[in-house]
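Residue numbers (this note's numbering), protein chains in the order written: chain A, 1 to 128; chain B, 1001 to 1279.
The hints are simulated quantities; they were obtained by calculation from the structure and are not laboratory data.
Only a predicted model underlies this, so the values are computations on that prediction, with no experimental measurement involved.
Be aware that one or more of the hints could be misleading.
[Claimed, not checked] Okay, the calculated beta carbon distance ranges per label pair:
1. 24(A) / 1242(B): 47 to 55 Å
2. 45(A) / 1222(B): 27 to 35 Å
3. 1189(B) / 32(A): 53 to 61 Å
4. 1098(B) / 11(A): 36 to 44 Å
5. 30(A) / 1064(B): 29 to 37 Å
6. 1224(B) / 40(A): 45 to 53 Å
7. 1074(B) / 107(A): 29 to 37 Å
8. 1055(B) / 91(A): 41 to 49 Å
9. 1127(B) / 111(A): 51 to 59 Å
10. 1205(B) / 111(A): 37 to 45 Å
11. 40(A) / 1218(B): 48 to 56 Å
12. 60(A) / 1154(B): 48 to 56 Å
[What the hints assert, rightly or not] Derived BS3-like pairs: lysine-lysine, alpha-carbon spacing no greater than 30 Å straight-line:
13. 1157(B) / 1206(B)
14. 1071(B) / 61(A)
15. 1071(B) / 2(A)
16. 1009(B) / 1122(B)
17. 1065(B) / 61(A)
18. 61(A) / 105(A)
19. 1051(B) / 1113(B)
20. 1157(B) / 1009(B)
21. 2(A) / 105(A)
Positions of the beta carbon are idealized from the N, C-alpha and C atoms, including for glycine.
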Amino acid sequence: MKLCISSTGQNLNAVVDPRFGRATYYILIDSATNDFECVENPSAMAGGGAGTKAAQLVINKGVQAVLTGNVGPNAFAVLNAAGIQIYTGVSGSVQSAVDLFNSGKLQAIGSPSVEAHAGMGGGKGGRA
Amino acid sequence: MIIAVASGKGGTGKTTVAVSLALSLNSVQFADCDVEEPNAAIFLRPVIDEKIPVTMLVPEIDETKCSGCNKCSELCAYNALVVIGTRVLVFPNMCHGCGGCTLICPERAITEKPREIGVIEKGSARAMAFMQGILNVGDPMATPIIRELHHCLDRTKTIILDSPPGTSCPVIETVRDSDYCILVTEPTPFGLHDLQLAVETVRQLKVPFGVIVNSAGIGDEEVDKYCQREAIPLLMKIPWDRRIAEGYSRGEPIMAVMPELRQGFLNLHAAIAATCGAA
Ligand code: SF4
Ligand code: SF4
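The shape of chain A in the complex, shown without the other chains (with noise of 0.2 Å):
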């Protein structure tokens, strides 16, 4: 399965990041081969809109779970219509991520892991 892992560095003894939207990295890893690939977050230092933005990267990447500390409500409504399983509470390095989820003790979740306010279309933005 190709999974993201936010990450703070860019290879996989690097810390998670538990930030899915600011995260400095992510890391896209086939979690059969090990195979992986690092992409930077443009968005890491920007405005409003990291959260959807990363959402859209790794829509694109055809990820199909994503494993971080924590998602915020707009990237999570954006993730969930798209299908896309959402691990959160993850922390250890990026391979013991990728361990523990093919362990099969992970817990996909169901809402989003900051601000309750959730919806597709709605949630808060950035500021003007």
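Chain A is fixed; fit chain B with the ligands onto it per the hints.
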């Protein structure tokens, strides 16, 4: 002449200064541009006789026409659109209404529909013309309401704009077309820090400005020294006075509790008018 009253942070007495200046003058239009928390009405107690809804145009997608080309999502600088296959999710609260997505869509799948973001209220407080913008609670799009307030200004009058606090986009939108900007601060280290940020912003906007120190006497001399160093006119000092604080808690502006300050505000206005070369 348009005079904006701003401050680097909230709670400096910006609104009560703006209200008091307005109350000292004749033929004034007061516009509360602090649309996230308009509170000048507490002091002025206006009668509202007109409410104008403010809308902005946001995209609406006809998914039967969408080919999933992703162009709209790539274009949107605010990431308000996400394309999933041939479905497009719109996040209206993040849309700045630029209209770019409608233009770029090769399938003409995007049209624009109005979204209400707030309201402008017009009325009068005795002889004074009054306006305020009110942003819907939780909505992030303050600037379009401020822009709309600017369209409603009566330029035959002296216009006092009560700016939002801080240095963000809504402040810039309020101040940039003004002839003069008054920065209200407190004589404390925090006050000075926020004043410096506000000064940088106003300098970039190239709007002439000066400083009013509110609650003078409670802090230190650093704001005075800073103004001297930077050659910024120190327009007025409003002393710390128990009557002002008590009046404030009852919704009474400085002018009502210390009418002796009226002359100060008149002199202030005359000095500003002279700076701006207007009567
Ligand atoms: S630009 Fe038009 S056709 Fe392309 S994804 Fe957007 S809505 Fe669909
Ligand atoms: S109108 Fe502009 S800001 Fe709004 S969704 Fe379209 S491209 Fe984005």
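**Prompt:** Which of the numbered hints above does this structure break?
**Reply:** Violated: none.
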